[in-house]
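J.: Sequence:
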Amino acid sequence: MSEGLDQETLEGRLKAMLDTLSEDDLRYQALKGSVDFRSAWVELAEYLSDIVDNDAFKEWGYRTVFAYCATELDISRATARKILEGYSWLAEEAPEYLPRNRRPDEPARVLPDMDTVSVMAKGYREVADERVPQETYMELKDSALRGERNARELRKEFQEAVPEHLREEPAPNPLKHLKRALNEVEKALDQMEPEEQADMLQQAGELRDAIFALVSSQEIAGE
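Per this note's numbering, residue 48 is the first one in the sequence shown, and the count goes up by one each step.
Hints in this document: simulated from the structure, not taken from any laboratory.
Don't take every hint at face value.
Claimed, not checked - Dumping the calculated DSS-like pairs for lysine-lysine here, alpha-carbon to alpha-carbon at most 30 angstroms:
1) Lys-105 to Lys-169
2) Lys-223 to Lys-79
3) Lys-203 to Lys-188
4) Lys-223 to Lys-169
5) Lys-188 to Lys-169
6) Lys-203 to Lys-169
7) Lys-79 to Lys-105
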């Protein structure tokens, strides 16, 4: 087994298996590919972090790093934000996982996936805002880095750790409210005289479809 690794962690289990296999073995290659795949996102994150720190995207003709990511890397604003926030969290809370802190002869560490790190970054902010207890955060951080909890489980535990009076109300869904309101309009039109009903129902339906399309396009643009 690789020295210094706890076999109970995800990293320990994978590295222990690698130590028992030949590098020419197909099973070894698949396992090594899994380790490399888990580490790939943080290598991209490291480049993006340097681009932000040096304002390199401006030299390349982009107003924001998100515009650069969307146009040149085909990465959405939401994903780019998740990558950068996750990297910032690792740099602050688990710097040993960053590629730049790895010795040349040291293999890549097995990272939690990007979604897991994103949840931990949000949890870190919740602690700073005094919404989540520090001890809860530390327990979940250790669990995440050991590969014992996935993003869905961590998200649920963070949500449950926030006191009831501090929990945010769900964001209103404008599309849902508009649909309900316009459906009520159509019901009212059903009670009108037949000769008036057809034309107004058609106009109400067209208005509803236009509003749905507008709201949907705005939601996509805001991601």
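J.: Would you mind marking each hint as holding or not holding in the structure?
T.: Evaluated hints:
With a CA separation close to 28 angstroms, the supplied pair Lys-105 and Lys-169 stays within the 30 angstroms bound. Among the hinted pairs, Lys-223 with Lys-79 is inconsistent with the structure: their alpha-carbon atoms are about 46 angstroms apart, more than 30 angstroms. Restraint check for Lys-203 and Lys-188: the C-alpha separation of about 14 angstroms stays at or below 30 angstroms, so the hint holds. A hinted pair counts as satisfied when its Cα atoms are at most 30 angstroms apart, and Lys-223 with Lys-169 qualifies at roughly 27 angstroms.
For the hint linking Lys-188 to Lys-169, the alpha-carbon distance of about 12 angstroms falls within 30 angstroms, and the restraint holds. A distance of roughly 12 angstroms separates the Cα atoms of Lys-203 and Lys-169; the hinted pair therefore holds under the 30 angstroms criterion. Proximity of Lys-79 to Lys-105 is assessed by CA-CA distance (about 37 angstroms); at most 30 angstroms being required, the pair is judged violated.
Violated hints, in rising order: 2, 7; the structure is consistent with all others.
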